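Protein chains in written order, with my numbering: chain A, 1 to 886; chain B, 1 to 379.
Because the hints were derived from the structure by calculation, they are not lab data.
Keep in mind the model is a prediction, meaning the values are calculated, not measured.
Glycine included, C-beta positions come from ideal geometry on N, C-alpha and C.
A couple of the hints might just be wrong.
Calculated pairs, EDC-like style, for lysine to aspartate or glutamate (alpha carbon to alpha carbon, straight line, at most 20 angstroms) [what the hints assert, rightly or not]:
#1 A:K116 - A:E76
#2 B:K136 - A:D384
#3 A:K729 - B:E360
#4 A:K729 - B:D227
#5 B:K107 - A:E699
#6 B:K136 - A:D223
#7 A:K729 - B:E302
#8 A:K500 - A:D384
#9 A:K182 - B:E22
#10 A:K716 - B:D222
#11 A:K716 - B:E22
#12 A:K608 - A:E298
If we take Cβ atoms under 8 angstroms as the criterion, some of the chain B residues that face chain A in the derived model are [what the hints assert, rightly or not]:
#13 T15
#14 Q24
#15 N60
#16 V62
#17 A94
#18 S95
#19 T135
#20 S202
#21 E270
#22 G271
#23 G339
#24 Q343
#25 T347
#26 L372
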Amino acid sequence: MRLHKIQLKNYRGVADCTVEFPEHGVTVIEGDNEVGKTCIPEALSLILNYRDDSEHRSIKAIKPVGRDSSPEVTVEFSSGSYRLKYFKRWHRKNETALEVFAPQRQQLSGRQAHEKVEAILDKTLDRNLWDALIIKQGSGVGLPQFGCSTLGAALDQAAGGEAFGGDGEDDLWQRVEGERAKYFTPTGQPNKDRKDQSKDLAELQANTSSLSNSLNQIQANADEANSLQLAEAKLEERYKQASQDVTDLSERWQATEELRNQAKHLKSDHGTAQAKLKMAEDAHSRRQELIQQVQSHEQNQTQLQAEAQRSAPKLARVMQRNQEAKQALEATQTSLTKAQDALREANEDRDYLRNVIEYQQLAERQNKLVTAERTLGEAEALLDASQVDEEWLEQVEQAKLQVVSHQAGLQASAVAVEVTALAATAALLDGKQVTLASGEVTQTDVTDTWDFQIPDTVHIKVQPGNSYQELAAAVRSSENDYERLCQIGEVSTVEQARRKIAEQQEAEIRRKTAQAEIKESLRDLTPEVLAQKAQNLEKRVTEYPSRRSSLTPLPDDFEQAKQIAAVAEEAEKKCRVAFESAQASASQANNEIIEAQITEATDAQKLKLAGDALELAQQKLKTKRASQPDDELQAAQDAATVNLQAATSALQQVNTELQALDISTLEAKLENANNVQAKAEKELQTNQNRQVELRGWLEAQGEAGLHSELNQAASKLEHTTRQQNQTEKRARAAALLYQVFHQERQQARQRYLAPFKSRIDQLGRIVFGPSFEVELNEDLKPVKRTLNGTTLDVEQLSVGAQEQLSVISRLACAAIVSPSGGGVPVVIDDALGWSDPSRLAAMGTAIATASTQSQVILLTCTPDRYSHVGNASVVRLPIADSVSNP
Amino acid sequence: MVKFIHTADWQLGMTRHFLAGEAQARFDGSRIDVIKTIGKLATEQDCSFVVVCGDVFEHNQVSWEVVGRALDAMAATPQVVFYLLAGNHDPLDASSLYTSGTFLAHKPDNVVVLDSSVPVEVTPGVELIAAPWYTKRPLTDLVAEACAHLQPNGTVRIAVGHGAVDSLSPDDANPALIGLGPIEAAIADERVHYVALGDRHSTTNAGNTGRVWYSGAPEPTDYRETDPGKALVVTLDTHECAVEQHSVGTWRFVSHDQELTSADDVDTLEGWLNSLERKDRTIVKLSLVGQLSLSQKTRLEEMLNLQGLVLASLNTWERHSHLVVKPTDADLENLCLSGAAQQTLHTLMDMSNSTGTAAEDAQEALALLYRLTQQGEQR
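Work the whole structure out from these sequences, hints included.
In structure tokens, the structure reads:
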């Protein structure tokens with residue numbers, strides 16, 4: 001579309017205004033506020049869209065107020081191959097008139113004219129583009145949507161005419177997306193339906209598998225039951241066979257038992273026969289023994305009688321020897337007694353004399369002890385009474401020295417007063433009447449106050465100085481110390497003290513000496529023991545002489561007594577040896593005689609016993625033979641022997657038979673047969689129990705109709721599987737189609753966007769600089785701007801920059817669209833108010849560059865704003881209510 | 001002369017997993033209904049009894065709804081006695097439903113379980129010699145064992161067994177195979193006069209005597225069955241044996257292979273699907289190979305979606321299908337794409353020329369692009 005001319009009459013504040021536009025390039029319409037600049041685009045819109053009788057509020061809005069006139073708009077424009085002049089008046093005397101100049105001249109009016117224009121515009125004008133390329137006053141800086149077919153077609157053509165599929169392609173794309181959405185989520189995941197289908201399928205598979213397992217279990221149990229049934233027959237057969245074996249073996253065992261009983265009896269009989277034979281043999285044997293005993297006793301008696309005759313003379317010889325031995329013993333015994341007496345007396349004498357010596361020694365020790373104890377007691381009493389020692393003595397001596405020393409000092413420092421009576425004088429000395437002879441000299445050392453007065457003549461008072469007082473005090477102090485120390489030792493002088501210490505030392509010596517003597521006297525004894533010992537010895541010594549009966553005198557001394565005792569001891573030893581020898585001879589003789597007597601008695605006794613035994617044995621034999629003669633005993637023994645042989649033979653025969661039966665094997669067989677039977681019975685029972693269990697279970701399962709259930713589940717599974725396969729197949733097809741189509745569209749869009757982007761970049765570089773680049777979205781809307789390597793969202797740009805980009809993108813669109821004849825004017829009403837002067841200048845260049853092939857109409861109230869648009873035609877609108885032509 | 005119905009392999013309680021929702025319920029219902037059909041057929045044909053040769057139930061653990069409905073269906077014709085043999089699916093093992101208290105409590109009088117090989121006199125002079133399965137894995141030829149001690153005595157004997165006969169089974173190692181030789185020898189010796197077998201779901205005359213038959217399943221259960229949906233009416237005496245096949249099943253399992261390389265092929269496939277009768281009881285499995293344009297693939301999918309709503313089940317056998325989608329010039333013209341959308345189309349086309357999952361995904365993505373574009377145009 002190209003605008004050629006527009007005339008407004010009575011339109012809002014505009015009385016009459018006509019503006020003509022060049023076909024290409026920029027037309028700047030300048031005018032003050034409220035002169036009707038904005039009316040031009042509005043009037044264009046109203047004439048093209050609303051009938052002359054329209055009641056639309058937009059039409060109502062332009063009704064003049066307070067004036068009897070109607071708004072009129074006349075516009076002359078080209079669109080496609082058409083060129084026409086179109087007139088409308090609204091409200092009063094409303095009218096529409098159309099004059100078509102090309103392609104064919106035609107004049108229409110009223111509704112026909114309106115419809116004709118609508119038809120022409122529908123055919124030739126991209127209304128979306130029209131809307132997109134107008135920046136209305138106050139509409140902000142928003143970027144347009146260029147999703148219009150004219151731009152698309154232009155871009156498509158620019159891209160080679162094949163890239164853009166038009167609205168049909170968009171519809172198809174929507175259907176492809178819709179088809180994909182049947183199977184996928186927007187992020188390409190399987191959608192809920194497909195997930196549910198997969199879930200259903202898994203559940204069905206699990207259910208089918210479970211049912212199948214259950215059926216397999218039923219079949220397994222049925223098979224087991226059948227096997228058990230077959231096994232049961234075999235088990236019954238086995239049990240029967242085992243029972244038969246038990247019966248057979250039991251019968252054989254019974255027969256064996258009888259044979260064994262028989263053997264038992266025979267064994268008993270055999271034992272009895274053996275016992276009887278033994279008894280007969282014993283009786284026979286005892287009879288033989290008895291006979292032998294009698295014979296033996298007879299021989300014994302004869303032998304004993306011979307022995308008694310041989311031992312009679314030996315006894316007389318033994319008796320003689322015994323008598324002689326007795327006499328010798330008596331003689332040696334007498335000698336021994338004498339020697340012993342002599343020895344005892346010699347020993348007693350010796351002991352007595354030794355006791356005397358010991359007694360004397362003990363008495364001496366006792367005396368010494370008593371004396372020493374007394375001395376010790378005295379010394380200790382003295383020492384205990386004394387409170388002083390040598391240190392004390394030294395202190396006393398020191399104290400005495402101190403007194404003497406201080407006294408000497410005092411003496412030396414005393415005031416020596418010497419009064420010499422020149423004439424006899426009565427005077428008062430220290431208050432006492434004294435009379436001084438003439439020439440008498442009285443000397444005194446004043447230690448205290450010395451008061452001398454000659455009555456009525458002179459009064460002299462002398463007092464020693466302070467040092468003297470101190471010395472006197474020292475003398476008193478030392479004297480006190482000395483006295484105190486003397487009192488401690490209960491002495492008056494140093495000499496006494498020294499004597500006292502000397503006495504003490506002597507007493508100490510005496511004590512030690514006494515102690516040593518006591519120790520020496522006692523040695524290892526106590527005084528009591530010592531006294532006791534002395535007393536005992538005294539008693540013995542005193543008594544012995546009176547007790548001694550011997551006529552021989554006491555030896556002279558101990559040594560002599562010792563010699564006498566030694567001699568007596570030797571004599572006694574010799575007598576003892578002789579006595580012991582005689583004693584042994586006597587004892588031996590005595591023993592011989594006892595032995596001879598015993599032998600004689602024994603022999604006699606033996607002989608008697610032998611006689612008695614012989615008699616007894618003879619009597620017994622006689623009795624036995626009377627009871628049972630010897631030949632009867634022999635006959636009984638022979639009979640018993642025969643009987644035993646018969647019993648042995650019978651027993652052997654039965655035992656042989658038993659051995660032949662092999663009892664242990666039979667017993668083992670019977671036991672095994674019993675075990676086999678029990679085992680078979682148990683297995684049979686187990687088998688039958690299991691069968692009952694299985695059949696009960698199977699019957700219960702049969703009621704469940706699992707096979708039908710499985711079939712249904714399997715059918716469902718198969719259908720669902722088939723459905724899922726189909727679904728997945730369709731899903732894959734939908735996904736593939738979507739993917740390929742999307743890819744192709746993306747590529748096409750890239751090709752398709754390129755010229756538009758390139759044109760915006762070209763214009764943008766004029767304004768923003770050479771690094772400018774723009775990014776478009778699918779709707780061809782600029783969404784990002786890159787400048788100096790920094791990419792920002794368009795919304796992040798300043799208002800001015802957004803406005804500039806908005807104008808540039810429209811200019812770019814018009815520049816692309818216009819050469820193909822499908823363009824519309826770019827109408828910019830009062831824009832770029834936020835641009836700085838440098839940008840305004842650059843924008844002027846951009847607008848001029850873009851408008852070489854398109855129509856650009858700029859409306860502004862600021863004449864300088866577009867002064868940099870070099871090729872612009874400027875139309876200055878007159879002030880309101882005035883009409884002017886450019 | 002005795003007349004009876006020979007049937008087998010009801011496998012009640014069987015589930016076909018490819019049947020969705022109510023189709024399975026209808027399938028189950030039909031398999032119960034066919035019991036009543038057999039009962040009615042027995043009445044119409046003056047049959048003395050019905051013998052069901054094994055696999056009456058799919059499993060011993062089928063639900064009691066299944067067992068109860070089956071017993072109820074048999075009780076619908078009380079004059080017809082149903083002799084049931086346990087097969088490999090429902091053996092008389094410890095888990096057997098035939099010995100369960102609930103089964104015994106609900107069993108109508110006209111239902112008899114053949115639980116041993118002791119001859120059962122069904123009418124005077126006619127005996128059933130049953131060879132029930134006691135386990136899922138028998139180790140002997142049960143029919144041979146059941147017939148081993150029989151001697152000809154003028155009684156008409158019908159051996160009732162279940163399992164594969166050796167002449168029809170490739171599994172020589174199976175010890176439970178039924179020996180056709182011994183059976184035919186027993187027939188020749190007149191120890192047995194007819195051998196009623198189950199296990200094979202296709203109706204089959206085994207051997208050359210005309211007296212050894214598999215009745216097949218009364219309702220089909222699988223695509224591999226060649227002649228299912230029958231019950232056999234057998235007329236028998238010691239000298240003659242006549243076997244008539246009666247269709248009793250109402251369902252069909254159909255597998256169909258088609259190469260698709262053009263719009264015409266898609267039309268042909270649609271025509272074939274349209275031609276199917278009783279679509280609500282027809283289970284179809286398609287093996288599709290070839291190469292289609294985007295528009296053809298879209299059309300194919302739309303057509304199959306519609307057919308899938310009508311048929312009991314319509315599935316493509318993935319393992320046996322390989323359908324490549326290649327956009328044609330016409331596709332591109334139709335799409336009228338430009339710009340990125342057009343670039344997307346070219347990229348996906350390049351990807352679809354590779355191999356493996358990536359190519360398949362790319363083809364699917366192309367089809368999706370086509371569909372979404374068409375949606376835009378329709379708006």
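Against the structure, the hints come out as follows:
no.	hint	in the structure
1	A:K116 - A:E76	holds, 15 angstroms
2	B:K136 - A:D384	violated, 139 angstroms
3	A:K729 - B:E360	holds, 9 angstroms
4	A:K729 - B:D227	violated, 37 angstroms
5	B:K107 - A:E699	holds, 16 angstroms
6	B:K136 - A:D223	holds, 9 angstroms
7	A:K729 - B:E302	holds, 17 angstroms
8	A:K500 - A:D384	holds, 13 angstroms
9	A:K182 - B:E22	violated, 27 angstroms
10	A:K716 - B:D222	holds, 19 angstroms
11	A:K716 - B:E22	holds, 12 angstroms
12	A:K608 - A:E298	holds, 12 angstroms
13	T15	holds, 3 angstroms
14	Q24	holds, 6 angstroms
15	N60	holds, 6 angstroms
16	V62	holds, 5 angstroms
17	A94	holds, 3 angstroms
18	S95	holds, 4 angstroms
19	T135	holds, 5 angstroms
20	S202	violated, 23 angstroms
21	E270	violated, 21 angstroms
22	G271	violated, 26 angstroms
23	G339	holds, 3 angstroms
24	Q343	holds, 4 angstroms
25	T347	holds, 5 angstroms
26	L372	holds, 4 angstroms
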